[in-house]
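Colleague: Here's the letter readout for the chains.
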Amino acid sequence: MMTDLNSFKLDSCYYSILVNVDELWLKGKNRPFYYQALRQHIITLVKNYHWHSYKLTHEVQRFVISSEESFSEEFIQALAKIPGIKNIVPSKKVKSDLDSITHACIDELKRLNLSALNIKTFKVETFRIDKKFPVPSMSVSREIGGAILQSCTALKVDIHNPDLQIEIRIMPKNSHVSAFKIPGIGGLPTATTGKVLSLLSGGIDSPVSSFMMMKRGCDVNLCFFYAYPFVGEAVKEKILKLASKLGVFQRCTNLYVVNFGPAQEKLAKTCLPEYRTLFFRKLMIEIASNLAAEIGASALITGDSLGQVSSQTLYNMAYLDEKSPTMILRPVSGLNKSEIIEIAKEIGTYETSILPQDDACSLFAVKHPILVPNRDYCERFMAENSFQEEIEKAQRGKTHFVITARGEVKEIIPITTIRPS
Amino acid sequence: MIYLDHAASSPLVPEALKMLSEANECFFANPSAKHSLGHNLANKIEEVRKIILEHFGADLKFDLIFTSGATESNNIFIQSCTDCSTAYFFSGDHPSLYLPVIHTFKEHHKISLKNILSEGPSDNQKSLHAVSLVNGQSGECLNLDELKKLKSQFPQAVVFLDCSQAFTKVFELQGFLRRHFQLIDGLSLSAHKMGGPKGIGALIFKKNFKLQSIYLGGGQEKGIRPGTLSAPLILSWGEAIKKREKDLLNVGAMKVRYLKLIEMLKLSFGDKIIFPFENKLNSFFILSFILPSIPADILIRHLEEKGIYLSTSSACSSKIEGKNPVFAAMGIDDLYHKNILRVSLSYETTLAELQIFTEELRTVYFNLLELFGKK
Numbered sequence: 001m002m003t004d005l006n007s008f009k010l011d012s013c014y015y016s017i018l019v020n021v022d023e024l025w026l027k028g029k030n031r032p033f034y035y036q037a038l039r040q041h042i043i044t045l046v047k048n049y050h051w052h053s054y055k056l057t058h059e060v061q062r063f064v065i066s067s068e069e070s071f072s073e074e075f076i077q078a079l080a081k082i083p084g085i086k087n088i089v090p091s092k093k094v095k096s097d098l099d100s101i102t103h104a105c106i107d108e109l110k111r112l113n114l115s116a117l118n119i120k121t122f123k124v125e126t127f128r129i130d131k132k133f134p135v136p137s138m139s140v141s142r143e144i145g146g147a148i149l150q151s152c153t154a155l156k157v158d159i160h161n162p163d164l165q166i167e168i169r170i171m172p173k174n175s176h177v178s179a180f181k182i183p184g185i186g187g188l189p190t191a192t193t194g195k196v197l198s199l200l201s202g203g204i205d206s207p208v209s210s211f212m213m214m215k216r217g218c219d220v221n222l223c224f225f226y227a228y229p230f231v232g233e234a235v236k237e238k239i240l241k242l243a244s245k246l247g248v249f250q251r252c253t254n255l256y257v258v259n260f261g262p263a264q265e266k267l268a269k270t271c272l273p274e275y276r277t278l279f280f281r282k283l284m285i286e287i288a289s290n291l292a293a294e295i296g297a298s299a300l301i302t303g304d305s306l307g308q309v310s311s312q313t314l315y316n317m318a319y320l321d322e323k324s325p326t327m328i329l330r331p332v333s334g335l336n337k338s339e340i341i342e343i344a345k346e347i348g349t350y351e352t353s354i355l356p357q358d359d360a361c362s363l364f365a366v367k368h369p370i371l372v373p374n375r376d377y378c379e380r381f382m383a384e385n386s387f388q389e390e391i392e393k394a395q396r397g398k399t400h401f402v403i404t405a406r407g408e409v410k411e412i413i414p415i416t417t418i419r420p421s
Numbered sequence: 422m423i424y425l426d427h428a429a430s431s432p433l434v435p436e437a438l439k440m441l442s443e444a445n446e447c448f449f450a451n452p453s454a455k456h457s458l459g460h461n462l463a464n465k466i467e468e469v470r471k472i473i474l475e476h477f478g479a480d481l482k483f484d485l486i487f488t489s490g491a492t493e494s495n496n497i498f499i500q501s502c503t504d505c506s507t508a509y510f511f512s513g514d515h516p517s518l519y520l521p522v523i524h525t526f527k528e529h530h531k532i533s534l535k536n537i538l539s540e541g542p543s544d545n546q547k548s549l550h551a552v553s554l555v556n557g558q559s560g561e562c563l564n565l566d567e568l569k570k571l572k573s574q575f576p577q578a579v580v581f582l583d584c585s586q587a588f589t590k591v592f593e594l595q596g597f598l599r600r601h602f603q604l605i606d607g608l609s610l611s612a613h614k615m616g617g618p619k620g621i622g623a624l625i626f627k628k629n630f631k632l633q634s635i636y637l638g639g640g641q642e643k644g645i646r647p648g649t650l651s652a653p654l655i656l657s658w659g660e661a662i663k664k665r666e667k668d669l670l671n672v673g674a675m676k677v678r679y680l681k682l683i684e685m686l687k688l689s690f691g692d693k694i695i696f697p698f699e700n701k702l703n704s705f706f707i708l709s710f711i712l713p714s715i716p717a718d719i720l721i722r723h724l725e726e727k728g729i730y731l732s733t734s735s736a737c738s739s740k741i742e743g744k745n746p747v748f749a750a751m752g753i754d755d756l757y758h759k760n761i762l763r764v765s766l767s768y769e770t771t772l773a774e775l776q777i778f779t780e781e782l783r784t785v786y787f788n789l790l791e792l793f794g795k796k
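Taken in order, these protein sequences are the chains called A and B. Note that the first sequence covers residues 1 to 421 in the working numbering. Note that the second sequence covers residues 422 to 796 in the working numbering.
There may be inaccurate statements among the hints.
Derived lysine to any residue pairs resembling SDA-like cross-links, with alpha carbons at most 20 Å apart [as the list claims (entries may be wrong)]:
| no. | chain 1 | residue 1 | chain 2 | residue 2 |
| --- | --- | --- | --- | --- |
| 1 | B | Lys727 | A | Glu265 |
| 2 | B | Lys535 | B | Ala750 |
| 3 | A | Lys266 | B | Phe793 |
| 4 | A | Lys120 | A | Lys156 |
| 5 | A | Lys269 | B | Gly794 |
Quick caveat, the hints were computed from the structure, so don't treat them as lab data.
Full structure from sequences and hints, please.
Modeller: Shown next as structure tokens:
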């Protein structure tokens, strides 16, 4: 999905970037809404990474960002992470005459590390957007193709399936020359499909689930259940790191850390040991539902994967679903572990997820957790035991972090807790 | 708050705090300056130097330089032992001792604490024996009498003792070097482990011992440790030493509290508690013990919530099985490496505090045993 951008040498040579959008051709009358969202996201990134004046224009299926100062590699890489983008095309802007265009093409090719990218064949495609340009597009392609063959002798032409496609767009004032496309993550622009709350643990699955919903244009808010004092600060640090890696896909991400230790302790003392893990999850979902209602989220996201650990059986999930006031989506339930790991590696969360950590659930867990919950027992237990106090305490004491588009994590301290001296 | 981590660091005694504040305000001149402000300050510093040397009875045959702490002192001395062909150290010791040894000596020997003062080179070559007098983790204390045996067996041995956990806490150290000046070649001290300020320590060494300087500058401290001396830190330390010397006369009371703590723990935990260093010579200020089944850092976090602070190893209670080499060297079974707690006291620790600590630890431990289903 995401190319290794290091072979492209992106820094300081591009003054113009074309941004092609993904699924928006599906949207009819709503199109302006999605384009506006994407536009806002691009502007947020420009403000964070490119501090010079710029122009952002909008054509039929794409945006064009241009500037008097070249774009940095950091900016281009950040741009490639925006949901809703099919690909981005860094291009050179040149005068609309054959000589300039030819030189630009050859320069581009010389700059690229062709062998590292395994590029052996190419094709030239010309789009004569300015109908006043004297040379027809096919001729432009042929001439430039010839010039390239002469100067880059390692390359051959393949018009059906080339490794590299050089695109020339001839417009009234300037022409745009580009040699490669950087694939985006696709999907829909951020915060256009609704607000959700994703339950983040330190494992591999939940960051991937969160990412997948970000890709679908959800405004993903994160929630972590912190089992202090059964686990230490190191676990919280790990979560902040994961949130930081996820935050770069959105404009602004909220992370809520809920202190779950006291609730876990009370549960563990009162229920049958084999029901502990199930009931922990039920309580987490209850607290998360309340939080979702508070922030206006319409769904919970979990990293549940079918059959991976014993608590994640269909029967257990069905029970939790039934009892949940909020809809639960499980994006990775249809993926194999190896597929999940691949995505985790691409989004950069895998290395952090596999760091060993204290795991409160495993401390409390028994050898044989329940696979099919006895509904009678569950109803009776829930009726006889109230966790209202623990739930309220957990909600009131939650800490709130905000992750910026750059991935910086900042703690938000509510004004009411600051006491004047 | 009940603070029981004094082996890591200790608060300033009131006299030291007062002097630190006063010195920062009034004694701001450079002690090396030629005017009277500088001279007066230099004299005051010399007084503290004398106090420390006299404490050990080392004023005639030894010199003292001030450093930033025991770690620096250890490094200066050990790295200066260039004419020693081999070195002996204890791998369960503080890294500021064994790391410089490993770094400086191609040939070095890891010895158990039991044998550190009885093993030496068979060919009568010059050897360095570097060890902490009181081990900061276990509280084990070396028997100073054994130094006689070491020196008689290996007359070429150079003996270096890190005394940061022992200074003003081990009665036998006082005046030791007056009679036994030939038994020790160097020792290091730290202020913040005994109620003095952080950032100051000392290195005491035999008068003719050649110390190497790693950096060059204004020539202070015999050129070995150039740089402006911190008068406020040194004078503050001086006050702490005076106070602690008085406390040392009463170290018997400390012993009573220490033994009572062990008794209370035995009573509360019965056969569940293990004291791995029980039948050894111990400092009355450090107690390490093992509570099986519950990871130590979970116990510590629970106690933290109640305002009680102690210490453990740095291994976390995670799924990774990590053998701690320092604990292994001390002879602690791998099984228990995540279950070690260390309580360290100061002269100010009261019996009441120890009682409350024992009760709270008991409550937390048995609560967790039940919770995790480990009876």
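Colleague: Against each hint, give a clear statement of whether it holds in the structure.
Modeller: Structure-based check of each hint:
{"no.": "1", "hint": "Lys727/B / Glu265/A", "in the structure": "holds, 16 Å"}
{"no.": "2", "hint": "Lys535/B / Ala750/B", "in the structure": "holds, 11 Å"}
{"no.": "3", "hint": "Lys266/A / Phe793/B", "in the structure": "holds, 12 Å"}
{"no.": "4", "hint": "Lys120/A / Lys156/A", "in the structure": "holds, 6 Å"}
{"no.": "5", "hint": "Lys269/A / Gly794/B", "in the structure": "holds, 10 Å"}
Checked against the numbered hints given earlier, the structure satisfies every one of them.
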